[in-house]
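Protein chains in written order, with our numbering: chain W, 1 to 220; chain V, 1 to 244; chain A, 1 to 484.
Since the hints were made in silico from the structure, they are not lab data.
Here the structure is a predicted model, which means the values were calculated and not measured.
Even for Gly, the Cβ is constructed at its ideal location relative to N, Cα and C.
Some hints here could point you the wrong way.
[Said to hold, decoys possible] The list that follows gives simulated cross-link-like pairs (lysine-lysine, BS3-like), each with its CA atoms no further than 25 Å apart:
#1 V:183 with A:12
#2 V:183 with A:10
#3 V:183 with A:399
#4 A:378 with A:399
#5 W:197 with W:74
#6 A:378 with A:49
#7 V:183 with A:200
#8 A:10 with A:399
#9 V:122 with V:151
#10 A:29 with A:12
#11 A:64 with W:172
#12 A:29 with V:183
#13 V:122 with V:20
#14 A:41 with W:197
#15 A:412 with V:183
#16 A:16 with A:29
#17 A:200 with W:197
#18 V:60 with A:412
#19 A:16 with A:399
#20 A:378 with A:41
#21 A:378 with A:64
#22 V:60 with V:98
#23 A:64 with V:20
#24 V:20 with A:478
[Claimed, not checked] Here are a few chain V residues that face chain A, going by a calculated C-beta distance under 7 Å:
#25 13
#26 19
#27 172
#28 184
#29 224
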Amino acid sequence: MSREVVLNRVRSALSGSNHEPIAPISGYRLTGILTDEQRVQLFESRLDDYGARVFHSSRQNLRENIATTLLEGKKLRMVHPAGVPESWLDDRIFWAADSQSAGDGLPYTQIEGFDGVLTGATAAVAESGSIVLQHSLTEGRRALTLLPDYHLCILYEHQIVETLPECFGRLKGSATRPTTFISGPSATADIEMTRIKGVHGPRFLDVLLFGSVVPLTSMP
Amino acid sequence: MRISLFITCYNDTLFPATGKAVVSLLERLGHTVEFPLEQTCCGQMHFNTGYRREAYPLAKRFLSIFQDAEVVCIPSSSCVAMIRDCYPALACENNDEKMAQEVDSLLPRIFEFTELLTDHLKLEDVGAYFPHRVTYHASCHGLRSLHLGDKPLRLLKNVREISLIELQDADRCCGFGGTFAVKNAEVSAAMLDDKVRALLDTRAEVCTACDNSCLMHIQGMLHRQHATVRAMHIAEILAAGTDR
Amino acid sequence: MTLVTLDPRKAKPFPKAAAELLRDTQLRKNVAHATDVIQRKRAAVVAEKEDWQALRSAGAEIRKEALRHLDTYLEQFEQQFIQAGGHVHWAEDAVEAQRIVLGILREAQATEIIKIKSMTTAEIELNQSLESNGIRIYETDLAELILQLGAEQPSHIIAPALHKNRQQVRELFSREMHLPDLTDEPAALTEAARLYLREKFLKVKAAVCGANFLIAETGSICIVESEGNGRMCLTLPDTLIAIAGIEKVIPHFSDLEVLLQTLPRSATGERMNPYNSVWTGVTPGDGPQNLHVVLLDNGRSHVLADEISRQTLQCIRCAACLNTCPVFRQTGGHAYGSVYSGPIGAILTPQLYRLEHALSLPYASSLCGACYEVCPVKINIPEVLVYLRSRVVDRNRGKLASVFNQERIGMKMMARIFLSPQRFEAAQRMARVLEKPLVGKDGWIHWLPGLGGQWTVARDLEAFPAQTFREWWQSRPKAKGGRQ
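Chain W extracted, bound-state conformation (with noise of 0.2 Å):
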């Protein structure tokens, strides 16, 4: 058997080696230092870097600001996760349920056409400008945060560490769900290494902010 002959190759080739003592992986930079504030600033420029939009809210008036985020871009028909709360939901945008239940969910074809997506997320790190999507019932299946061109993401602000090692620190207890790093837009390097965003997947990003450290700022 194949998986036999290839198990045996690899221990006859480890065999015999002096193996040195294994070092210590450590020396990086584990925790961040930056205070609350500073590490929302941190994210919020990082995601300017990408293009990314970043509005800030008051836990009470997020309804509100997701209705003004979408009116004022034309984002009038949207779906989301069912899990996502039913208080997020103005009544001035067309909503769709996907469900994540095997075989319930909407079509590609369907999802397609929505103007966008909305969802909340699992975490994201300031430092590289990363959220993180652990597909759970306010994420939403996969393939409903990529066919849309649009994803409106609601992100509370302690979901923000700083470092790459405070996210993987956080999704230790639930390693083996899909997880997905979205760092910005969509890009390809590819033609004379010049930065085109936008080829597959959400061409446009828009994060909504809310928590107690900054205070509710006016929509622009």
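Using the hints, position chains V and A against chain W.
Frame of chain W, contents of chains V and A only:
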């Protein structure tokens, strides 16, 4: 201090002026230079071309010749890299415990020429005078194996009346690479072409480096192009100035 | 564009291939420009990381640890993957891997696939094999699409179409996608590709991908990408087949916290690439339900067995070494005659494909060390290059043909000379005599015979000085160490 000079096989044969400059400078600084005549080659060319078996006895010869030296000065960073990086491997793969010990014992006493000045003699101003436009090329072994950093530049900056011009992409390989220059002559020449072009852009009169292998390569194309730029080993610049 | 062979068994030796490619000035310009851009970006994001060297060390240890106990980690991965609902297959070589993939597709009744760029699939020539068995393949990476439409070969690990400029791409897309009014603006070209491929993503039921990392602890696969075509292929079809070299295993999920810092910075000069997907087995209602991984040996266990060159397998395919290599800069990737080009290719190809098929590759380097300096997992590429050179030389020892080999004769002669100071001095004197007929009036040699002629192709050689250093030394007064 007694400083033993390992001139290197190619400097001995092709660039005696470099050796003379090293001797002149070290004596001017008040040291005694010794030159063990039994020395020939450190084995780098053989080792790097794949002739490890032939390099082994050459390495052992080197170690035995210099084992009692107080300090060894070598005006060639690639040869120092050979001794530092490859001699331990040669000892190991030949199961030569004695050689391994000799290497361990000698390595702390081995210095590339600019290292000797800055790290061992703790000097950055050697009293040189060289009123010319000079640009510095960072030889690969000096840069990446010996981590010379800015030592050569610090020495050059203290040369009186020197005009130092930065070379663009100074740390990019000139294309010599030992036998690479003949085994992959076209690519080597293409790399050299880029280096020479950057060099000519500086309008310097002199191109300097810590390795005559690079300089020989560079001068070879400069001469072919009838350019008037001179390639000079850093020792020759640092030794200049006794006749003002 | 000349037809290039990326099969080491058939490719031209590097010096010959390189000499031909050097004449393509457009290629050289494209390669130099592209690598300059990436290098600058890389330098900027690396400079931001105060712990960059610590991350490199950690990355090297993670990869070393994975290789040290590769059998254990492979078995752990397999167990976890199966438990999570996936199927694991083992392939001893390329042919077996091709057969396995075809078998899975037949069983799934798939006659077409969408594909994410994968060096491994290129290595095993999967496309050719599937196509000859009636499977239609749609490459979905922009660069791979460019190559596929132009019937060409990749020239770089991360940016395979690096050798093409925008005008060349416009011409290609315009023709193949029937878009006569297409401009050569990269944005327009990208939009054309987006629309062309969207149709495939929604329709095709099976996908093939590689893997950046296989995580033993959890049985997960990690794919690192920029364009989003990866996510499309991993999420939309019913059937997904991942093909991965056995060396892709990393021990723990948390190892990604190091490698996802070093890989994007090294590969594309970004703090993080746009999309990373990590998933474990089958998730009901989300993504492919028919999930397979093919664990490929194809020579890797052979590389593993050699203690000095085993470090070659630490590679995480970032291509930073290609981007920084001054040789690659001149020739581009095709000169290496292998899907793995540049410095990593020069050490991986001779080991994976057998030394005799790649004898010139270990010499395709000036040993400048720039590659080692940028490698995020600290592979000492120059050390392995020099080691492989000794294997090339040792292989030829005792062979009749090598008796007449100029280089070998010269090396043996020089070794003898260097073993004795008397012979050395005699050789120095003799060289001065022998060169006399070759020295021009200007005191320089403009032409040398034989191997030396390679020098004088582009460079002059100054005549030997009248007096060697040791002759001068011996002419000094006794008090100064001389003989006088």
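Hints, one by one, checked against the model:
1. V:183 with A:12: Given pair residue 183 (chain V), residue 12 (chain A) holds - Cα atoms ~15 Å apart, limit 25 Å.
2. V:183 with A:10: holds, 20 Å
3. V:183 with A:399: Roughly 21 Å separates the two Cα atoms, so the pair holds.
4. A:378 with A:399: Judged against 25 Å, a Cα distance of about 36 Å means the pair is violated.
5. W:197 with W:74: This hinted pair holds, its Cα atoms lying about 21 Å apart.
6. A:378 with A:49: holds, 17 Å
7. V:183 with A:200: At roughly 48 Å apart (the allowed maximum being 25 Å), residue 200 (chain A) and residue 183 (chain V) break the hint.
8. A:10 with A:399: Since the Cα atoms of residue 10 (chain A) and residue 399 (chain A) sit roughly 23 Å apart, the hinted pair holds (cutoff 25 Å).
9. V:122 with V:151: Distance ~11 Å between residue 122 (chain V) and residue 151 (chain V) Cα, so the pair holds.
10. A:29 with A:12: holds, 23 Å
11. A:64 with W:172: The hint holds at about 23 Å.
12. A:29 with V:183: holds, 24 Å
13. V:122 with V:20: holds, 22 Å
14. A:41 with W:197: holds, 17 Å
15. A:412 with V:183: Holds: residue 412 (chain A) and residue 183 (chain V) sit about 17 Å apart, inside 25 Å.
16. A:16 with A:29: holds, 20 Å
17. A:200 with W:197: Given that 25 Å is the threshold and the Cα spacing comes to 20 Å, the pair holds.
18. V:60 with A:412: holds, 17 Å
19. A:16 with A:399: Given that 25 Å is the threshold and the Cα spacing comes to 24 Å, the pair holds.
20. A:378 with A:41: holds, 20 Å
21. A:378 with A:64: holds, 10 Å
22. V:60 with V:98: holds, 10 Å
23. A:64 with V:20: violated, 48 Å
24. V:20 with A:478: holds, 16 Å
25. 13: holds, 5 Å
26. 19: holds, 4 Å
27. 172: Constraint on residue 172 (chain V) satisfied, holds at 5 Å.
28. 184: holds, 5 Å
29. 224: holds, 5 Å
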